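If you count by this note's numbering, then the sequence shown holds residues 11 to 336, one letter each, in order.
The set of hints was computed from the structure by calculation and includes no laboratory data.
Be aware that one or more of the hints could be misleading.
Derived BS3-like pairs: lysine-lysine, alpha-carbon spacing no greater than 25 Å straight-line [stated by the list, open to error]:
| id | residue 1 | residue 2 |
| --- | --- | --- |
| 1 | Lys88 | Lys269 |
| 2 | Lys152 | Lys264 |
| 3 | Lys83 | Lys264 |
| 4 | Lys88 | Lys264 |
| 5 | Lys114 | Lys288 |
| 6 | Lys269 | Lys83 |
| 7 | Lys269 | Lys152 |
Derived Cβ-Cβ restraints for the label pairs, each shown as a range [claimed, not checked]:
| id | residue 1 | residue 2 | range |
| --- | --- | --- | --- |
| 8 | Gly142 | Pro293 | 23 to 29 Å |
| 9 | Glu95 | Asn334 | 50 to 56 Å |
| 10 | Thr263 | Ile120 | 19 to 25 Å |
| 11 | Arg149 | Leu258 | 31 to 37 Å |
All figures in this text were calculated on a predicted structure; none of them were measured in a lab.
Even glycine gets a Cβ: it sits at the ideal position worked out from N, Cα and C.
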Amino acid sequence: DGLGTPALKDFHIEAHIRTINYILLPILIIYCYFVLFFRNDALTAAEKLLLTLRFFATASFFITCGDFSGVHKSTACKAIRVVSEAIASLRPLYIQMPNPEQAKAQFHQIARFPKVIGAVDCTHVKIQSPGGLEPEVYRNRKMYFSINVQVIGTADLQISDIVTRWGGSTHDQTIFNASRIQARFENGEFGGDLLIGDSGYECRSYMMVPINARTPAEGLYNQSLIRTRNSIERLFGVWKRRFPILSLGIRVTKDTVIKAEYYIVACAVLQNIAVRAKEADPPVDPNVDVEVQPEADVEIVADENERNARYQVRRGLIENYFANLR
């Protein structure tokens, strides 16, 4: 039926789909038709897509989503699974490290921090207890169950890398150490370009984190880093308001945790599509709790280690760049 059907015209996109509007839908509809068009189901590809977007916007039970679309909950569940996988499969097209020169210019405009191509942090996506033999793997230090999602974000609030396979009990640094993006930086793929993180991460030649400031230059370094890194916190806020399922919670079992990962990646793809389409940021919703994770309670490494190779880049930035800023 496509996008021109009365049913779709009457669908309240702005209220139910959190700013994913007609600008974005054709891109995804075309792809979903390739995947879903020849399946003889109760719903068209377009209806399946809208059902899935509503699910992301409300975190409703499958039976509620099915009632809304006039189908059985099993049909709704299947549609949401298939469409989520289809959207998530667009990841290579929409989630990738940015053009370095453009990224560095955008980050520099925030607070004059040089050579930054990404801000890294983790955010907890709430889930119900998956059960099984090791559910505590998913219990975070705030005592609820979650997936600890690592994201590298850009200054314009796009997601350039995402890791979704770790339970809420896993430390941010552990996730980074095991990630493919860490290996790419370690292998020198990004040259002298930098990531910025909070004190939960180790300082490395490519990872700039706060320092125990003892000089004006070090204080300026910290101020610039904190202001620049705020972009990742803003990204998490916008992302979770746009797709409240990331805040309200995902219902899983030990056998369906992988579905939650598909939902999260699909929402990341949609976030980037929304930014590129210049969608307005979603309004603050008092019914959606966007929790800002506090910085990890990790002691910042003292200056006696500054001669270590992994700190030389930071020391050079402070002495040769921030010391000369006016």
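Take a quick look at whether Lys269 and Lys152 sit within 25 Å of each other, Cα to Cα.
holds (23 Å)
At the C-beta level, are Gly142 and Pro293 separated by a distance inside 23 to 29 Å?
violated (38 Å)
Taking 25 Å as the top limit, are the C-alpha atoms of Lys152 and Lys264 close enough?
holds (21 Å)
CB of Thr263 to CB of Ile120, is that within 19 to 25 Å?
Because 42 Å falls outside the window, the suggested range is violated.
Distance restraint hint 50 to 56 Å, applied to the beta-carbon atoms of Glu95 and Asn334:
51 Å Cβ-Cβ, so the 50 to 56 Å window holds.
Assessment of proposed distance window 31 to 37 Å (beta carbons of Arg149, Leu258):
violated (18 Å)
Please work out if Lys88 and Lys264 have their alpha carbons no farther apart than 25 Å.
Roughly 18 Å separates the two Cα atoms, so the pair holds.
Just to be careful, I want the Cα atoms of Lys114 and Lys288 compared with a cutoff of 25 Å; is the pair within it?
Given that 25 Å is the threshold and the Cα spacing comes to 20 Å, the pair holds.
Is the hinted pair Lys88 and Lys269 satisfied, with a Cα-Cα distance of at most 25 Å?
Roughly 11 Å between the alpha carbons, so the hint for Lys88 and Lys269 holds.
Taking 25 Å as the top limit, are the C-alpha atoms of Lys269 and Lys83 close enough?
holds (16 Å)
Please work out if Lys83 and Lys264 have their alpha carbons no farther apart than 25 Å.
holds (20 Å)
In terms of the numbered hints stated before, the structure departs from hints 8, 10 and 11, listed from lowest to highest.
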